[in-house]
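Engineer: Based on these hints, arrange chain B with the ligand on the given structure of chain A.
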Amino acid sequence: MNIALRPANRRTFAKLALFSALMFGVGYALVPLYSVFCAVTGLNQIGVDRQPVNLQLDTGRVVNIEFDANVHHLPWKFRPVQTHLGVHPGELMQTEFEIINTRNEAVTGQAIPSYSPPEAAQYFKKISCFCFSKQTLAAGQVQRMPLVFVVDPALPKEMGTITLSYTFFEVEGNAVANSGDGAGKS
Amino acid sequence: MNATANGHSDHRPSGWRRWLTTTNHKDIGTLYLWFSFVMFMLGGIMALLIRAELFQPGLQFLEPERFNQIVTLHGLIMVFGAIMPAFVGFANWMIPLQIGASDMAFGRLNNWSFWLLIPASLLLITSLFVPGGAAGVGWTLYPPLSVQMGIGMDLTIFAVHILGISSILGSINIITTVLNLRAPGMTMMKIPMFTWTWLITAFLVIAVMPVFAGAVTMILTDRHFGTSFFSAAGGGDPILYQHVFWFFGHPEVYIVILPGFGIISQVVPAFSRKPLFGYTSMVYATGSIAILGFFVWGHHMFTSGMPVTAQLFYMYATMLIAVPTGVKVFNWIATMWRGQLTFETPMLFALGFIFLFVMGGFSGLVLAMTAVDVQMHSTYYVVAHFHYTMVAGALFSAFAAVYFWLPKWTGHMYDEKLAKLHFWLTMIFFNVTFFVQHFLGLAGMPRRIPDYALQFADFNMISSIGAFGLGLSQLLFLYIVIVCIKGGAPAAAKPWDGAEGLEWEVPSPAPHHTWEVQPVVK
Ligand SMILES: [Cu+2]
Numbered sequence: 065m066n067i068a069l070r071p072a073n074r075r076t077f078a079k080l081a082l083f084s085a086l087m088f089g090v091g092y093a094l095v096p097l098y099s100v101f102c103a104v105t106g107l108n109q110i111g112v113d114r115q116p117v118n119l120q121l122d123t124g125r126v127v128n129i130e131f132d133a134n135v136h137h138l139p140w141k142f143r144p145v146q147t148h149l150g151v152h153p154g155e156l157m158q159t160e161f162e163i164i165n166t167r168n169e170a171v172t173g174q175a176i177p178s179y180s181p182p183e184a185a186q187y188f189k190k191i192s193c194f195c196f197s198k199q200t201l202a203a204g205q206v207q208r209m210p211l212v213f214v215v216d217p218a219l220p221k222e223m224g225t226i227t228l229s230y231t232f233f234e235v236e237g238n239a240v241a242n243s244g245d246g247a248g249k250s
Numbered sequence: 011m012n013a014t015a016n017g018h019s020d021h022r023p024s025g026w027r028r029w030l031t032t033t034n035h036k037d038i039g040t041l042y043l044w045f046s047f048v049m050f051m052l053g054g055i056m057a058l059l060i061r062a063e064l065f066q067p068g069l070q071f072l073e074p075e076r077f078n079q080i081v082t083l084h085g086l087i088m089v090f091g092a093i094m095p096a097f098v099g100f101a102n103w104m105i106p107l108q109i110g111a112s113d114m115a116f117g118r119l120n121n122w123s124f125w126l127l128i129p130a131s132l133l134l135i136t137s138l139f140v141p142g143g144a145a146g147v148g149w150t151l152y153p154p155l156s157v158q159m160g161i162g163m164d165l166t167i168f169a170v171h172i173l174g175i176s177s178i179l180g181s182i183n184i185i186t187t188v189l190n191l192r193a194p195g196m197t198m199m200k201i202p203m204f205t206w207t208w209l210i211t212a213f214l215v216i217a218v219m220p221v222f223a224g225a226v227t228m229i230l231t232d233r234h235f236g237t238s239f240f241s242a243a244g245g246g247d248p249i250l251y252q253h254v255f256w257f258f259g260h261p262e263v264y265i266v267i268l269p270g271f272g273i274i275s276q277v278v279p280a281f282s283r284k285p286l287f288g289y290t291s292m293v294y295a296t297g298s299i300a301i302l303g304f305f306v307w308g309h310h311m312f313t314s315g316m317p318v319t320a321q322l323f324y325m326y327a328t329m330l331i332a333v334p335t336g337v338k339v340f341n342w343i344a345t346m347w348r349g350q351l352t353f354e355t356p357m358l359f360a361l362g363f364i365f366l367f368v369m370g371g372f373s374g375l376v377l378a379m380t381a382v383d384v385q386m387h388s389t390y391y392v393v394a395h396f397h398y399t400m401v402a403g404a405l406f407s408a409f410a411a412v413y414f415w416l417p418k419w420t421g422h423m424y425d426e427k428l429a430k431l432h433f434w435l436t437m438i439f440f441n442v443t444f445f446v447q448h449f450l451g452l453a454g455m456p457r458r459i460p461d462y463a464l465q466f467a468d469f470n471m472i473s474s475i476g477a478f479g480l481g482l483s484q485l486l487f488l489y490i491v492i493v494c495i496k497g498g499a500p501a502a503a504k505p506w507d508g509a510e511g512l513e514w515e516v517p518s519p520a521p522h523h524t525w526e527v528q529p530v531v532k
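Residue numbers (this note's numbering), protein chains in the order written: chain A, 65 to 250; chain B, 11 to 532.
Wrong hints could be hidden among the right ones.
[To be verified] A partial selection of chain A residues facing chain B, derived with a Cβ cut-off under 7 Å:
1) Ala72
2) Asn73
3) Thr76
4) Phe77
5) Leu80
6) Phe83
7) Ser84
8) Phe88
9) Gly91
10) Tyr92
11) Leu94
12) Tyr98
13) Val100
Since the hints were derived computationally from the structure, they do not count as laboratory data.
Every residue, glycine too, gets a C-beta built ideally from N, C-alpha and C.
Next comes chain A alone, as it looks inside the complex:
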């Protein structure tokens, strides 16, 4: 009894085989469907350059940041490139400071920040600062150094102005022995 020759079986076979072939096609159809789905919903857009959006930006107010630069017994000229900035809380900001070593020897120093009013310190978030590490300048070298910061949106309303003051101190032990000003021994 060759039941394979039964026409009913053949018809069933043909239908099921066609269905499998269609499902093979569905596998491929998932590729354009995926792109369409992503395009419609705006998901996973490959190759589309999107800037990240800062959701914490408080554009309703401007905080005035003033920069101040001092040296303590160092043969350096130290100044902010911008003396003040208007900043929205939550906004990522970058500014620069400049040092010039007026000596003809290498000198190492470290900057210490201070804030006015002092309560502002906890709201002033430094992401990257030259004050995080020692700075060594060769004789006569001019160096520009970045400061990247965010003012916390939680900053109290009454603080309209923050003064950030840096003072460079010479680093003990790294002082280059020199006879004149005794800076290394301070």
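Structural biologist: What follows is chain B with the ligand alone, placed relative to chain A:
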């Protein structure tokens, strides 16, 4: 009819030609089952290599690349070489007997479906010995790695193609048999549960295996023919592969478990001496599990950066599957309620299945919660979870089926004492191996690594000891089966007094040709 039946036995070749050219559903079923057992041993040896390497921290036996290859092949061989062919073997043997058909609808095609498995498995095994080794990407074959690997990956892709064709042809055969060749009077709602679950499984196979074949074909053309489906350098998207793969992959886990549900739904009533509780709801539950299975694939991708809305959708859809699964467990327990229970080995494996599969189902619910999954993704908790469903689910139900139908196949009773020993050894060592892996996963041990931090050492040692016990226990199974084939107490046509169904109306051992004259079901 009778004249044709007699004609059959005359031109039946003997020796190896019988097996090579056979179109008899029982011969082909036997071939499938032996092939599956060989692959089970091979995949088991690979599992033991993995557990030997993980016995202690540090690298002892395997280079990390080799370790990854072994992990990949263990997964592919166990899923496509051991579990699926085992269930196809049961289907070949039992579906024609259960529905009163003289054979499968397409005998020659059936022969082909089986013999295609041999080149596929050889491709997988030889891939270990080519330059660069076998595919070391895990059984999911994720790009970008699968697009970049050596020739071993190509062999794996071809093996998947052949395995796919084999299982699609086998499934078409099963569907045609069930739909067209049922005995007169056997309506759809009188089909035994094992046949029902296989019918639904076969539809799943022909729906998703082609999609998997398409996905690996895309990898192949990305590798060699300049397409960029998945390679980001050409504008493709590796995440797309994950979607296509898991569109296949989740229904695939039902392909390996639904026939197991069917087996349990026949074993439990037989040893409870009661008809199955809620037959109709069993059928509908199986159908809804299969359909829901198409809408939950995203739960494998919670950490791929999908939006919260999609995560919530996949989370709730996944949890919804617990409902029809719960219906099944409820029905099995209700079947046992006030039944006259006896605990022969098939029943023990069925009870072990229910107990352990429910645990695997619960850890699946835990993993379905997006927030929890983000923590546990790709840890040993996942490994523990799917071994509770695949080993304690698929393998335990396969053992239950073998012990249940072995008297029908061989005409002998197996050694009940040894078989019970086999059950207890398997039950205990399985839990020793995999239960501790939950703790490893919760503690953060990642899967697919050959070496690990010191704090994981104790649990890994316990797990490895369990694995060797579990592996060695299976040699006892082989011994029991061989002894049963060679001899033993003769089995009656219906060796289990509570069993129901047409398969118990043919003599034991089942003659080469059965139901040449179809029975009439009332
Ligand atoms: Cu899944």
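Engineer: Compare the structure with each hint and give your call.
Structural biologist: Checked hints:
1. Ala72: holds (5 Å)
2. Asn73: The hint holds - Asn73 of chain A has a Cβ within 7 Å of chain B, the shortest such distance being about 5 Å.
3. Thr76: Since the shortest Cβ distance to chain B is 4 Å, the answer is holds.
4. Phe77: holds (6 Å)
5. Leu80: It holds, given that the least Cβ distance between Leu80 of chain A and chain B is near 4 Å, below 7 Å.
6. Phe83: holds (6 Å)
7. Ser84: Check passed: Cβ of Ser84 of chain A comes within 5 Å of chain B, closer than 7 Å.
8. Phe88: holds (4 Å)
9. Gly91: At about 3 Å, which falls below the 7 Å cut-off, the nearest Cβ of chain B leaves the hint on Gly91 of chain A intact, so it holds.
10. Tyr92: holds (5 Å)
11. Leu94: OK, holds: Leu94 of chain A within 7 Å of chain B, min 5 Å.
12. Tyr98: holds (5 Å)
13. Val100: Constraint on Val100 of chain A not satisfied, violated at 12 Å.
Hint compliance for this structure: hint 13 alone is broken.
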